[in-house]
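Protein chains in written order, with this note's numbering: chain A, 596 to 823; chain B, 4 to 377.
Heads up, a few of these hints could be off.
With a straight-line Cα cutoff of 27 Å, these simulated DSS-like cross-link-like pairs (lysine-lysine) come out [said to hold, decoys possible]:
#	chain 1	residue 1	chain 2	residue 2
1	B	Lys295	A	Lys661
2	B	Lys278	A	Lys617
3	B	Lys364	A	Lys617
4	B	Lys67	A	Lys741
5	A	Lys617	B	Lys295
6	B	Lys278	A	Lys661
No lab work stands behind these hints, which were simulated from the structure alone.
Since we're looking at a predicted model, the values are computed, not measured.
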Amino acid sequence: MEKTKKEGISMIELTDVHKIYKTEFYEVHALNGVTMKIREGEFVAIMGPSGSGKSTLLNMIGCLDKPTTGEVIINGVETSRLSDRQLTELRRDSIGFIFQQYNLIPTLTVLENVELPMIFRGLSERKRRAMELLKLVGIGELRDRKPNEISGGQQQRVAIARALANDPPILLCDEPTGNLDTKSGRDVMKIISRLNEEKSVTVVLVTHDPALSDYTDRVVRIRDGRVE
Amino acid sequence: MYPELARRNLERAKTRSILAVVGIIIGVMAVASIGIFGNSMQKSVLERFEDIADTIIVNPKQSKGFTEIEEDDIELIRKIENTEYVVPAKDEKEIVSFKDRKTYSTIYGISEDDLEKLYEVYEGGIKLKGSVVVGYSLAEDLDLRVGNRITIAGSEFRIAGILEEEGTSFAVNPDNAVFLSVDDFDKLFDKDYSMVVVKAESLDYIDSIASSIDSIVNKREEKVEVMKLESILETIEDALSTMNNFLIAIAAVSLLVAGVSILNIMLMSTVERTKEIGVMRAIGAYRETILKIFLMEALILGVVGSVAGAVLSIAGGFAIVSMMGLTTKYILDISTALYIAEGFAVGVFTAVASGLYPAWKASKLEPIEALRYE
Ligand SMILES: Nc1ncnc2c1ncn2[C@@H]1O[C@H](COP(=O)(O)OP(=O)(O)OP(=O)(O)O)[C@@H](O)[C@H]1O
Ligand SMILES: [Mg+2]
Numbered sequence: 596m597e598k599t600k601k602e603g604i605s606m607i608e609l610t611d612v613h614k615i616y617k618t619e620f621y622e623v624h625a626l627n628g629v630t631m632k633i634r635e636g637e638f639v640a641i642m643g644p645s646g647s648g649k650s651t652l653l654n655m656i657g658c659l660d661k662p663t664t665g666e667v668i669i670n671g672v673e674t675s676r677l678s679d680r681q682l683t684e685l686r687r688d689s690i691g692f693i694f695q696q697y698n699l700i701p702t703l704t705v706l707e708n709v710e711l712p713m714i715f716r717g718l719s720e721r722k723r724r725a726m727e728l729l730k731l732v733g734i735g736e737l738r739d740r741k742p743n744e745i746s747g748g749q750q751q752r753v754a755i756a757r758a759l760a761n762d763p764p765i766l767l768c769d770e771p772t773g774n775l776d777t778k779s780g781r782d783v784m785k786i787i788s789r790l791n792e793e794k795s796v797t798v799v800l801v802t803h804d805p806a807l808s809d810y811t812d813r814v815v816r817i818r819d820g821r822v823e
Numbered sequence: 004m005y006p007e008l009a010r011r012n013l014e015r016a017k018t019r020s021i022l023a024v025v026g027i028i029i030g031v032m033a034v035a036s037i038g039i040f041g042n043s044m045q046k047s048v049l050e051r052f053e054d055i056a057d058t059i060i061v062n063p064k065q066s067k068g069f070t071e072i073e074e075d076d077i078e079l080i081r082k083i084e085n086t087e088y089v090v091p092a093k094d095e096k097e098i099v100s101f102k103d104r105k106t107y108s109t110i111y112g113i114s115e116d117d118l119e120k121l122y123e124v125y126e127g128g129i130k131l132k133g134s135v136v137v138g139y140s141l142a143e144d145l146d147l148r149v150g151n152r153i154t155i156a157g158s159e160f161r162i163a164g165i166l167e168e169e170g171t172s173f174a175v176n177p178d179n180a181v182f183l184s185v186d187d188f189d190k191l192f193d194k195d196y197s198m199v200v201v202k203a204e205s206l207d208y209i210d211s212i213a214s215s216i217d218s219i220v221n222k223r224e225e226k227v228e229v230m231k232l233e234s235i236l237e238t239i240e241d242a243l244s245t246m247n248n249f250l251i252a253i254a255a256v257s258l259l260v261a262g263v264s265i266l267n268i269m270l271m272s273t274v275e276r277t278k279e280i281g282v283m284r285a286i287g288a289y290r291e292t293i294l295k296i297f298l299m300e301a302l303i304l305g306v307v308g309s310v311a312g313a314v315l316s317i318a319g320g321f322a323i324v325s326m327m328g329l330t331t332k333y334i335l336d337i338s339t340a341l342y343i344a345e346g347f348a349v350g351v352f353t354a355v356a357s358g359l360y361p362a363w364k365a366s367k368l369e370p371i372e373a374l375r376y377e
């Protein structure tokens, strides 16, 4: 298992990625030439002090933001060549996001939140698949609740189910357990690591919690926008 | 799904959505009710004039120095085909007095048979052999009864009849007039015929009769002026519809206000929902999808408000029309539907147009910046 991961094809590839935030008065060099490779089926943790550029890095991988210079290659595709529409499709079909603040749509029910990426993709048979995913994360019975009617841990499970809706090869998690108690956090991590093991989803996890590195194959340490 | 999502977003900000809808309702009501009112007014004014539309009035061409119409020309006019009647009349202004009351009125010289063709009698009968017939308002002003004797230019005449009140009329308004036989008229005044009233067998012949008169009588010299009452009607119709459009335009200002309020609440809602927009963009919504959702919200506001406004505008139209003292019988006329449809269309258009900018703004948000928004 370990071996196949190390030799597997690269799923995420960054070459000399710089990100400079320019404001009126100063420039922030959030990323200073990050080069890294993550293979298919790998579970990678990104760790580092606050402000070191972890979230910025994850946003580059997730095609939510564009590098100032450098290239991000996802699943063999050079993302700098893609139009906004194509980037949207890449996020929709190839990347699942799990955020610290869950980020569910408050007007939609649990089931509808999970359906949403499939609606954007124009899939039919959405309800059945959404229900399967809710059962997978263990909250099938909450399908008709609204996000504000369930706990944080439950919301994060909905977010995981939503991230999996279009069966993406990559899962990006920015401090997914950051707002959860130890027990809920552990449950969420178990679900994510099971997905990685059973479905060989590539997982990139940003975290402050050293204990989470137990679940991962490898830890990438970031300091001042550079890989240590 | 998107319409449902839009609906729930509107429900989330209920008070705001209701206010926006109320704005649209008021705007649509104003536009449509005023349209209905104008339509009713136009219809009832035209109805009043309808039965005179097939009439042609021939007058001497005063700008060319003619003050009278020659009897030979009248004979020529009588020979024109498809006329129902040709009535020549003389007229003069003179003081009419009864007891100690006096008034200045128009004195017509006309044959008894012709007068019968033109007007209905209210009291007495139409007899002009040594007697006269007077108009309704004149009778009222001077407190005249059938059998009273009035004095015109020194001669006394017995009143044989009083005519029905005519109200508005273009040819000869009889309400404030005295009708004499041509013989009696000639004894008092030395004047030739000053007008000929020609009624066509039907509206279809108006143009051919008018052009016949013109070509026969005005062959050598432009002696007479031919006036089709139909064309006056058209002028009135034009004026009324111009006025109506003007009123609708004023009413449309209220829709403008509604539009601004929709613009405002939708801008608020794009700001409030920035993070949500970011999330949707992150998990695979195109810019167009965001645009669509917001436009859908504007469309729902517009349609709901416009439907309610359109329905209520019937009541609104009824209120204005009856307040203005017009007949309400045209309110349920099919022509009213046009104004309701107009109000509806303008309402929906306003809402969607106002939603365009906020929707565009929402769709332009960069995913990462929207996501980071707190
Ligand atoms: N939109 C922005 N404009 C300006 N500076 C920014 C912006 N986003 C991030 N930065 C800066 O870039 C640097 C890296 O930020 P980033 O959010 O990636 O850090 P992080 O490692 O995720 O920190 P944390 O652990 O606290 O979440 C920080 O100095 C931050 O202030
Ligand atoms: Mg961060």
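Exercise. Taking the numbered hints from earlier one at a time, note which ones the structure violates and give those numbers from smallest to largest.
Key: Per hint list: 4 and 5 violated.
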